[in-house]
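Asker: With the hints as extra help, turn the sequences into a complete structure.
Protein chains: 2
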Amino acid sequence: MTTESYQTARTTVRRIAPRGAYDRTTIHSILDEGLVGHVGFVVDGQPTVIPMVYVRVGERVCLHGSRASRLMRVLAGGAEACITVTLLDGLVLARSAFHHSMNYRSAMVFGTGEAIEDPAEKMHVLEALSEHVAPGRWADIRGPNDVEMKQTAVVGVTIREASAKIRTGPPKDDEEDYALPVWAGVLPLRQVAGTPVPDPLLTAGIAVPSYLTRLHV
Amino acid sequence: MTTESYQTARTTVRRIAPRGAYDRTTIHSILDEGLVGHVGFVVDGQPTVIPMVYVRVGERVCLHGSRASRLMRVLAGGAEACITVTLLDGLVLARSAFHHSMNYRSAMVFGTGEAIEDPAEKMHVLEALSEHVAPGRWADIRGPNDVEMKQTAVVGVTIREASAKIRTGPPKDDEEDYALPVWAGVLPLRQVAGTPVPDPLLTAGIAVPSYLTRLHV
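In order, the protein sequence lines correspond to chains A and C.
The numbering of the first sequence is our numbering, which starts it at 449 and goes up by one.
The numbering of the second sequence is our numbering, which starts it at 449 and goes up by one.
Only true hints are included.
One side only, chain C facing chain A, incomplete, derived with CB under 7 Å:
no.	residue
1	His486
2	Gly488
3	Val490
4	Pro495
5	Cys530
6	Glu596
7	Pro636
8	Ala641
9	Gly642
10	Pro646
11	Asp647
12	Ile654
13	Pro657
Distance condition first, Cα-Cα at most 25 Å in a straight line; then the derived SDA-like pairs of lysine to any residue:
no.	chain 1	residue 1	chain 2	residue 2
14	C	Lys613	A	Asp492
15	C	Lys598	A	Leu628
16	C	Lys620	A	Arg518
17	C	Lys570	C	Val595
18	C	Lys613	A	Ser514
19	A	Lys570	A	Val522
20	C	Lys613	C	Thr460
21	A	Lys613	C	Leu483
22	C	Lys620	A	Arg590
23	C	Lys570	A	Met550
24	A	Lys570	A	His476
25	C	Lys620	A	Ser514
26	A	Lys570	C	Ser549
27	A	Lys613	C	Leu536
28	C	Lys620	A	Pro657
29	C	Lys570	C	Gly526
30	A	Lys598	A	Gly525
31	C	Lys613	A	Leu483
32	A	Lys620	A	His547
33	C	Lys620	A	Met571
34	C	Lys598	A	Arg467
35	C	Lys598	A	Met550
36	C	Lys570	A	Asp622
37	C	Lys620	A	Leu483
38	A	Lys620	C	Trp586
39	C	Lys620	A	Pro583
40	A	Lys613	C	Val484
No lab work stands behind these hints: they were computed from the structure.
Just so it is clear, CB atoms sit at the ideal spot from N, CA and C, and this is done for glycine as well.
Answerer: Shown next as structure tokens:
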């Protein structure tokens, strides 16, 4: 895909159109900041939504899981998926109930799944997944062995259509409500990492690696 | 619904079955802690997943939006929905790539939408939504007027089937990997509120309400 826009009829934001964005840079930046995506697929006409760790590799959103898992089997079989990533940035507190909102950045990606079976490509995705969640970790750990690689399924969903929806800034109230004696503004929200908790079985003398203490999630 | 379990064939966790839970208390507690749910529905056979603020009211997960929104119209028309709420509690850092994981609590709810049109019931849900996100806020703000109520759709999805999936605790490594000189443990993650940012148009002298500074999100 060489286009710089993922906009299609299906992905055009219809509610509050100015919040919509379709450019590759915006959508990639949201995908690259999130850790967990919500993956929607259809089984027997019924919607199912499963939270999954993911990583964007080029134009694909990649997932991994047990080869026996239903989601992996369905996506490896070429099913349609919708992967939505939501970054919650704050509560927007207006003077009226009606104008309350959230500040957020969300990306919604549509595409079809495909199995990634080539061993080198599969290993590359597993490394990218690890580095997406905890940059620096991959070099420290024991990599997947042949048995583990066989048990692990990796699927990619090529971004065929996508949209982002973004709200930022203060509340917007009705003109006559600005005179109300009500506090209004934004309560920022963010995800933070706490102090690392060592495994009770950790060998004595192994320090917390610096890449974990620097981690911004 | 009077049963204490939401377990059905469809909601039975098949991957890593000990992580599954189906009791009302567990599922309600996850729903009551989350702010944003990911709502899956099917249009023309295609899955779509949209992030939505929600509140549990009794046995229903309730959503609101513009009466013109597609999601509201589809759910008000009785469509099948899957609403998934995920609370991310930490990164699980094992000694091998294969045993890396996340600590999380997720709830997946299946049900069909229905419009909530009765004005008193609708107002009750809007108040519950507000109090779910920012307890104490409703008493301060201008409530919805007739025009706003007409523009707002409220739908409920009765919890017909549901499952929770929960992982807690340290990594579990393969026996022979415990000797590796690799730090292992959990990096806790949580969502926190920052310092409230006043609306630039806020009337001077209005203090941040105490319910916001106490808010745990």
